[in-house]
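Asks: Starting from the given sequences, assemble the full structure and let the hints guide the process.
Residue numbers (our numbering), protein chains in the order written: chain P, 283 to 410; chain H, 611 to 1156.
Everything labelled a hint here was simulated from the structure, so no lab data went into it.
Computed Cβ-Cβ distance ranges for the label pairs, DEER-style:
{"no.": "1", "chain 1": "P", "residue 1": "ASP294", "chain 2": "H", "residue 2": "GLY1030", "range": "50 to 60 Å"}
{"no.": "2", "chain 1": "H", "residue 1": "LEU1145", "chain 2": "P", "residue 2": "VAL387", "range": "25 to 35 Å"}
{"no.": "3", "chain 1": "H", "residue 1": "GLU870", "chain 2": "P", "residue 2": "GLY358", "range": "21 to 31 Å"}
Beta carbons: idealized from backbone N, C-alpha and C, even for Gly.
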Amino acid sequence: MEQKPILVVDDDPDALEIVGTFLESRGYRVATAPDGRQALAKVDELRPDLVLLDVMMPGMDGWEVCRLIKNHPEYGDTRVVMLTARGEFADKQEGLRCGADDYIVKPIRLDELGKKVERNLDARRREQ
Amino acid sequence: MRILARVREDQLRRALQSIADARGAVLVDAGPFTEDEFDDAIRAAPDVVVVESGEVDDLAQLRAETDGAGSALIIACHDSTECQAAALANADEWILLPCDEKEIDIRIRTAQQRAEGIHLPRRTEETVERLRYQELLYDRLTGFPTLAVMIDRARELLDRRGELTILYIHYVWYSKIEEIYGWQKLDDVLESTAAAVRDFYAEERDHGDNLMMVSHVADDDFILFTHVPVEPELAERRLKTLTSRLEGFLRARIEQEHGEEIAALVGVYVGTATVFRNPKIRTERLIYRAIREAADAARSAEEWERTLKISDLKATLREGAVFMEYHPIIVSRTEEIYGFEALARGTRRSLRSPEVLFQVAEEANLIWELSRLLRQRAVQGILPHLKKDQFLFLNVDPHDFDDPEFRNLDAKELGIDDPGRIVLEITERTAIKDYPRFQEYLAAFRERGFRFAVDDAGSGYAGLGSIANLAPDFIKLDISLISNIDSNFLKQNLVETIVGFAEGQGAQVVAEGVERREEFETVRDLGVHLTQGFLFHKPRYAGPPE
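Replies: Below is the structure:
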């Protein structure tokens, strides 16, 4: 079976590049989207197992995108990991409210990113 | 009341002004406003927004904004195409100009009534644009055609048969259902109600009845169209049986699929209205009017049931017709029973659910009386079975602190020597109005040795801020934080944070709603001191703890 891609969503092209390259080097397939609207279209099209989602984006923010993914009847079981610049409690609460599974505090440490991607994909596999 | 108006026609503006004057309302004329000023004016949440068609480019956007502000939206239209556009945009009401003042006044009222209904959080509304068009024609949650689509067919039926009867299914829920189970649950229940309506429809159709159906998108109500016999008595009888069969069918289905507890929080009321063809009046208007009439009938059925519930509550208080269940709390490490949380149930069927019991008491202003009865029962019931080192957790509402009798609560009088074994669980689901005074009351209780727990921590009602303010002895983590915690790392991280925080404060953390072994092991390993949930015990009638 062909491996499903990981979708990375960030309005910062540099961040997309870094995260994308890193994940590809680890052997994952990667798809990217620069904003929430395109992210939703990509989720609809590719049905990724995992979405890495930046919180601070112009237009629809990451929380909103997460909420829409998580409440969708067809792909609500997609794992969503938030990329957040702030590690405050309020953010985590917001993350819970919108159904996020995990989060990574920015600036992203690549070893942490690798670990979190792996454990979320594991959890996803166990759920299936 | 505030009315925000953006209209060109002088006559309409004058009519609105005179309505506002008559009702002691304020009319804000947004005619000269810029786009931004107008948006700001909507954000200020007026009660009603009246917009003349053509004044605003994007009606859907306007609807979203007024929805966000909780305002009723009325569109003043110049022709039927514009009326249709208003309907498609989910306006609460529309006016076909020219229109006399009296009718405008009525439309404002009905618009307000409709806007008052709680709206479901929208699911995918802001998402992908191509869905948008589809959504206008078919309700995304239920898959039913919307009113705008069905009105054509209804008109056809009315024209052909000369008569059309509307069954309006008014769907309500106690606000607690959303607080406790989340709006996803609400969506689920609505979805299965829709399925039940669909099945009922199919069943009736098999019996040769001419039913056709609509889902009303603005509310969460459904509409069925049917025909009744010409003879009034026969018509009435048929409608009565159809109505009660439909209500019974829907209730049974909700109970079957979601359990009695949820079913108790949902109400389904059916109202009917029959419309006859009248060539002098535009058919759409006849149909819309009849729909409103049926809706009013359904709402008055709801009113009636509410009244019955209040009288049931009064009888309950008079007879002391409540019973208590006790939900054990165990020590995570040893799995021994640490204490019991007392949970109240009404014995009357209509008041079985504690949420309904409390909501009705609140509406009837009998909350203190109910609380007094429950406290007394809670202690009496468990006392003979409570071991010396076990705690009793009692739910209290912040409102209870306004009750002088509660403030004089005496553990000894209740039969417990050490007030420290009574833990008062406070939930902030009811807002605390006067915080400083509340703090004072708490301090007085604490001084007398009572302990406190913050209930529902992590549910959004009790954030870390309020936990810090209350300085509780126990922090009870909401079930939403516990369910599937074994696979959600964000939840794990949050619980870990709270446990660390609690330990710094000398408080203990209780995990509520633990249902699976994996969840238990996860919270235990995160250092959660106490656990409560179906995995170990269900709430049970007072009896010796085994």
